[in-house]
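J.: Residue numbers (our numbering), protein chains in the order written: chain W, 1 to 342; chain R, 1 to 277; chain G, 1 to 592; chain H, 1 to 536.
In case anyone wonders, no lab produced these hints; they're calculated from the structure. We treat Cβ as the ideally placed atom computed from N, Cα and C, and that holds for glycine. Treat the hints with care, since some could be wrong.
[Said to hold, decoys possible] Partial list, computed: chain W residues near chain G (C-beta under 8 Å):
| # | residue |
| --- | --- |
| 1 | Arg243 |
| 2 | Gly249 |
| 3 | Thr251 |
| 4 | Arg252 |
| 5 | Arg257 |
| 6 | His259 |
| 7 | Arg262 |
| 8 | Met263 |
| 9 | Pro338 |
[Said to hold, decoys possible] Taking lysine to aspartate or glutamate and the DMTMM-like style, the derived pairs with C-alpha atoms no more than 25 Å apart in a straight line are:
| # | chain 1 | residue 1 | chain 2 | residue 2 |
| --- | --- | --- | --- | --- |
| 10 | H | Lys515 | W | Asp196 |
| 11 | H | Lys536 | W | Asp196 |
| 12 | H | Lys188 | W | Glu73 |
| 13 | H | Lys454 | W | Asp107 |
| 14 | H | Lys266 | W | Glu178 |
| 15 | H | Lys188 | W | Asp107 |
| 16 | H | Lys188 | W | Asp68 |
| 17 | G | Lys230 | W | Glu240 |
| 18 | H | Lys82 | H | Glu202 |
| 19 | H | Lys536 | H | Asp72 |
| 20 | H | Lys454 | W | Asp77 |
| 21 | H | Lys454 | W | Asp68 |
| 22 | H | Lys454 | W | Asp50 |
| 23 | H | Lys188 | W | Glu54 |
| 24 | W | Lys191 | H | Asp34 |
| 25 | H | Lys407 | R | Asp228 |
| 26 | H | Lys536 | H | Asp229 |
| 27 | W | Lys148 | G | Glu400 |
| 28 | H | Lys401 | R | Asp46 |
| 29 | H | Lys188 | W | Glu108 |
| 30 | H | Lys482 | H | Asp72 |
| 31 | W | Lys191 | H | Glu202 |
Take a look at the letters that make up each chain.
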Amino acid sequence: MLDGERHVALSAPAGRARLAAGLAGRVAGRVALCLAAVLLTYTLAALSFDPLAELRSTQPPTPQAVLDARAAELGLDLPVLPRFLRWLSGVPAGDFGVTVDGHAVADEVWERAGTSLRLFLPGSVLAVLLGVAVGIWGALRAGRWADKISMAAALVLLAVPVFVLGTLLKILWLPVNEAAGTDLLPFSGEKTPGSDLAGWAAAGDRLRHLVLPTVAIALPQIAFYSRYQRAAMLEVLHSEFLRAARARGLTRARAVRRHGLRMALIPMTALVAFSFGLHLAGGVFTERIFGWHGLGDWMMSAIEHQDAMVVATSTLLMAVLVVVVGWLADLALVLLDPRTRS
Amino acid sequence: MTAAGTPRRRPGRRPGVVLGSCLLVALALAAFAGPLFLPYTHTQQDLATVLSAPSPAHPLGTARLGEDVLALCLRGLQKSLVIGLLAAVLTTVVSAVVGTVAGYLGGMVDRVLMAVVDVLLVLPPILVVAVVSPALRDQSWLVLVLLIAGFQWMLTARVVRARARSLRSSGYVVAAENMGASSARVVTRHLLPQMAPLLVVDCTLNVASAVLAEAGLSYFGFGVQAPDVSLGTLVSAGTGSALTFPWVFLAPVGFLAATVLAAAVLGEGLRDDEGAR
Amino acid sequence: MSPVLEIRDLTVAFRGRSGPVTAVDGLSLTVSPGEALALVGESGSGKSATALAVMGLLPETARVRGSVLLAGRELLGRSDRELSRVRGRQVAMVHQDPLGALTPVVPVGAQVAEAVSAHHPGIGRRAAAERAVALLDAVGIASARTRAAALPHEFSGGMRQRVAIAMAMANDPDLIIADEPTSALDVTIQAQILDLLDDVRARTGAALLLITHDLGVVARSCDRVAVLRKGSLVEEGGVAPLFQRPGSDDLRGLLSARTTAAGPERPAGEPVLRITGLRRQFSPRRGAVVRAVDGVDLDVRAGQALALIGESGCGKTTVLREIVGLRAPQTGTVELFDRDVSGLRRRERTALRERVQMVMQDPTSSLNPTMAVADIIAEPLRVHGWPRPEIRARTRELLELVGLSPEHAERRPGQLSGGQRQRVAIARALAPRPRLVLLDEPVSALDTSLRAEIMDLLTGLRARFDLAFLMVSHDIPLTRRAVERVAVMYLGTIVEAGTAADVLDHPAHPYTRALVAATPVLDVQAARARRAAVLSGELPDPTGFPSGCAFRPRCPLYAELSGVDRAVCAEEPPKPRQVGARQVACHHVDPP
Amino acid sequence: ANQATPGQAPPGASATQGPDINRQDRANLREGGDLRVPIDSLPSNFNPKQVNGARVVTYQLADAILPSAFLDTADGVPAVNKDFFTAIELVSTQPQVVRYTIAPNAVWSNGRPLTWQDLRGHWAALNGTDTRYEVNNHVGYQDVAKVERGASDKEAVLTFAKPFADWPGLFRPLVPVEVTETPEAFNKSWLNGPTVTAGAFEVAEVDTTAKVVTLRRSDRWWGARPMLDRVIFRALAPAARADELANGGIDLYPIGGDIDLLARAKAVSGVEIRQATERRAGQLSFNGGDGAPLSDEKLRVAIAQAVDPQAVTDVVVGPIAPGSKAVGNHILPPGYAGYRDNSGVLPHNPDAARAALDAQGWVLDGAVRVKNGQRLSLRFVVQATPTGRTVAGVVAEQLAKVGVEAKVEAVPVERFQDTYLQPGNFDIIAFEWTKSPYPVSHDRPVFQVPEGAKAGNNFGRVVVPGIQELYDRAIAEFDPAKRDELANEIDVLAWRHAHHLPLYPESGAYAVRSKLANYGARGLGAYGFAAAGFMK
Ligand SMILES: Nc1ncnc2c1ncn2[C@@H]1O[C@H](COP(=O)(O)OP(=O)(O)OP(=O)(O)O)[C@@H](O)[C@H]1O
Ligand SMILES: Nc1ncnc2c1ncn2[C@@H]1O[C@H](COP(=O)(O)OP(=O)(O)OP(=O)(O)O)[C@@H](O)[C@H]1O
Ligand SMILES: [Mg+2]
Ligand SMILES: [Mg+2]
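Okay, chain W solo, but in the shape it has when bound (with noise of 0.2 Å):
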């Protein structure tokens, strides 16, 4: 973040102080935005959960005196807005309340955010590189067969719910590891339970871990990514800058190279942006495929208990993050497109 900035003040020395102060004021616009979501969805989540349903229907009957002391302790008693209020004034100290089963939520918290974060980030980073790579391919061979394949591929990965997709992975893959008679990639979890290896061997587990995952999550973006870049190619292939750049005595290759490829990116930044939220969707599907234990799992196992506050606290860390990718997708664009500078 901060290298971005130091990058951006560089190139133009005078707009830093503007340009800090733009970023400032998005920040507190987001900041803002966070809150509202999660107030939406902790007001949706405390309305309609039933937080002791689960302890009532236990056999033998949970005795009553535990329930309500149950229902004092999780602020059943007050109405949604103070409840909120009494979540969120906790929050800057790093206090997220506590879970329907007592536990407090920050001690969860951080491990399933890093969780989620090691399974998604690796897949969405390579899915931008590939989906933006195999765009531009199939703009610069727009019509060719290869183009047309890779499209259609495209269409049809898009049209494959990302959890029949990860079944599928399992699927094809099975028969490779019972081939090779140990987990080659195994399925679950983000690592072997109970391993006792180190460092090289340790990182080696992980990653063989995180292939399939890593697939699932990226073939879907790299689908819908390309797509998008592919169009976003051939419309400044089309342009009349480029043909300029050529008259100029560039070839074709370094016209596209030097002033093409940038022109390009730039619209791609925004649906970044937009629809990272949609892919974070989906990553809660990969999640509970393969059996990682991360924020969109929690929040999936947190509404089946009728937890709001994991509900909430999944929520904010999800908004921060699209946020946060919204903010780099912003700091990309700045960086791509000097016109956003001023």
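Given chain W's structure and the hints, the job is docking chains R, G and H with the ligands onto it.
T.: The following block gives chains R, G and H with the ligands in isolation, referenced to the frame of chain W:
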């Protein structure tokens, strides 16, 4: 600017449009007329032939309780199509109204509406739907349609708003304002017709995403509730059988992918058509 | 001497959905060294396609046959790599749209430097940058060193075109192809750019292939002219003889559109519009203020036509908008038919709207493409609640009035030509029988050959229905023949106002004089003689107002003034004063 | 007992069998190895006595890391856990006094010896007097008057206020006094993992990120040395388990009623199916509440007779555990020593059912019987699961054969309990119920007399006359054989009045790596981690 006198190309020439619409029509026919020609209903159990592989009697095999998989898929397709279409139409209507009103009126209205859009865009929509759906579980599936539409309209609304904003200063809108036309007239006579191709395209693409959204919700058990079935519930119920009784899984996956693909191909084709004009 | 460029039997066809479209059809042309050849013809006649074929920059969908020899070497069929060595070095190009032709995210200096380094691979980055600065300086970019870091959008249209020319001259090419290099620019800027091109040619000895619509430009800058129709050569020859005796209808048509005749004199009736002290400010950004209209007085009488002329951005459209809005202006008063618009009730405002109509600049954008022509024309009537049968009758009548046939009624604007569209727009404006029509550059979006036709239609309609016109225009010759009175605007104020004959034939204010001088004329001699009077500089940034007379920084008169006289200009904004029969806002002009 | 699938049992013989765990001598086992067991999720509280901790997982863990007064033998009869208690004796019955003699070398993982204080603290926390302790229930503990030191610190003496015959159910498991000291410690100290434990294993790591609990062999352990190095519990969604077993990531998984999991397991080499009947059974409850059609006992009995539990069992459990026999007892689980099949009291007999219905005036009108213009149509609620829908399909057809229409409502699992089961919103309802090892004390609410909205676990609100007196006698009966006799008497009453209808046993089938010994389908017995190991 189109050359003067060039007749507007009618959509339908692009292979995507032809392919997509034919496939969609075929699927719809199969979904609504198909069951009439089947000897089984989707609920009919035959405990003597559970999980039997495809055979002439059951072209797609039978499911866990001996139900005919084809009958199940057609019934699921029916529900998925209906949900997809309704949700898409609703999405489009909401986004058209919000987008044009915000874009045309601007000012405070615009700011408030766009703030709402921004807030909703921060959240992965399917998760928000998941939060509320347990409470609405035994409501009718129409609630599901509302939910899907309720969290899917934002992106289109933004696009529509951007269009409306650029149209707001366009010659014919200004001309209409100058002749004293009311805002309602400007919106209905000038903005919305202008937006219609965009909205049609979007509606088609929304069918695809609504069908996928329903499937996703069903995967977590938040979608269509038993005893009713949708492609989503069939796929998610069949996931466990993918290796053991593959037809239970692959058949609904095939129908689902075909539906989404058809809608997407049609939508993209229409979009290209629109872009070409 | 052997020609720089020799085109032989060139055919260009585009692969279309419904078969190939032939854009250039067996064209042969030659350009000699140092010569300026004009390529004219109606829109779509294949001018650009020819230029691109020479450059080898046609899209992949184009099939090219024939031969293009550059200094005797065949260009067709060569690889991109080989062509890239020719492009920008032997033959350079200046595009019509200078914004589109510059990569929006790369500083202009870097783009110019690229034109240098592309052909001097060994040259260091620094040296290339230095050369770019020198080139920018040579084409008249002030403080080129700092401005080299600017992005294209930070430059005005004129400056962008200068950058494009700097690139074109970077490697002293043998031939410069300029595709409508000035049609997006104001007349004053156009004159500057044409001068610059002349200048570059003089310095580099390059030949020029100039594509244009404007025969005035041809008269001013070119030696020979070639006329294209549907991709084939119609006629070709020296500019002076051909302009005298055009051999083809094409050329004759283009020429006739430019001939000027005195405007009709019509008696003035009661006032329909009176504007006093009108001001309008915008604040596009926090802190910035644009004084779009800065104290304008105007009046228009029944049956009379007043033209508002001036460079782009001087506030003409804003004046019209303030009128048509029928609301109290920020400052000043607008009176229509002796009623101040600020006190109007809703109902009265609606009633008044029927009597004031507007025709906008671009007929394409002002007509809803989804509506049928009949509905478009009928719309104001519907808004004002006319009864249905009457609407139908009126629509039919209007179609005929503007020279459209009833069959056009069911068409959409997309199915009409540009001229027909503007007729529809005019019919719509006339529909509720207005008394005053505001026209915002009603013909500037049209082909040259169509402009006169539409202008004549307007003039005819005005006479027939005794309408008052307030017309904004760029085109001085056309204005001259269509209106009785003219007001010249500069930076939000009226600098000169009077009868068309007075103001345009004998301009008094230095700005008016420059404007008239910059207007291309068809007479070759006159055109070349006028070069001296080109106005320097551009319309200043409207947010940063100079003190005193706003025109001072560009004023040729000011440059010649003594110190004392200058002080007045620098301190006091000039008030309009009566000079002869006209009003002039200048401290120093005398009656002519 | 080591066949891959239990063979088809001869007709009439019970397919019910004891634990199927590949019993092996230690000599055949290899030293070391990890046993990897899938669980649904980490316990949200590791204290098995706290409300959120009372889950299958914590009991499973407790088997390896916590003391327990008794352990169940293969036939479900509790036996003193000799590793921790040298003796546990019922000293007197009037008043009831029980003496626990703690093994002299029993120590907690913090080095503190296990003493009578641990038992006292355990009782004090669970007896319900201090409501700040969030306990799952107080059954038994509330009947104890005091816990005192015996001859030494290693002896605890319980004196009961009133007789409690199911006393062997107490201290199973036993938590240390560190946990029971204060309500705070009880409720919170084991939130993220056990702290003080005692057993063959100890907690090596609770990985909350990967959701894995790792136990390792305890060095302090004074009992027989376990063969396994570690037991690894790993949260894994059921759908992922077959893949993991195939990939070598886990060593077994429960198959339950899932035919896919069975098929997948069969396809993996080196994996076998082990099966032993467990305590869980499917049943039909009839709504005997006021105004409900089935409050008419004669009608209820006729309907019960029309249902064929064996047919249901064949369809539901048969594909997984062929030869399984329908459950013949309302409260005692099959396989338990005192279990008796009492279904002969009210055997499946459609002809008798038809005759009874005819006699009651329900006459056939087309396919459905009618009486006084009223159709014999019943709301049949099941969970919208494959099992629920299968049961519905089979039973509805059986009822149709005697002219009773069953309108099936397959309802969402999550709504099942709150909306349908508890409020008695059904005519017939199908669900599965886990029978307690202490049926006399724990399962009494099933037959409780409803008071207003409170019906305990008597969801059908059917009142069986005389059953409460039998319960009172049973709870005061200290002779196990006599108590089982009383339980069977209760069951006979339940059959006679068609309180509810037991149907099928849970399959109790597991997919287990063939090399794994002394572990698998435990039936009614204890988990037995200490004995488990891999064959050489
Ligand atoms: N890329 C293209 N694909 C298909 N047709 C094209 C393409 N470019 C030009 N044309 C067609 O070729 C013909 C000649 O076009 P060209 O651009 O050369 O005209 P022009 O004389 O430059 O017109 P204008 O004055 O409007 O610039 C036109 O009919 C045009 O529609
Ligand atoms: N809505 C607006 N917001 C900010 N600035 C404006 C706005 N409308 C006009 N301006 C500015 O006011 C000035 C006058 O604009 P106006 O459109 O009246 O010029 P014009 O003379 O009609 O120019 P042209 O010949 O290019 O149409 C310009 O500098 C323009 O940028
Ligand atoms: Mg052209
Ligand atoms: Mg204007």
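J.: Run the structure past the numbered hints and jot down the numbers of the failing ones, going up.
T.: 5, 13, 19 and 27
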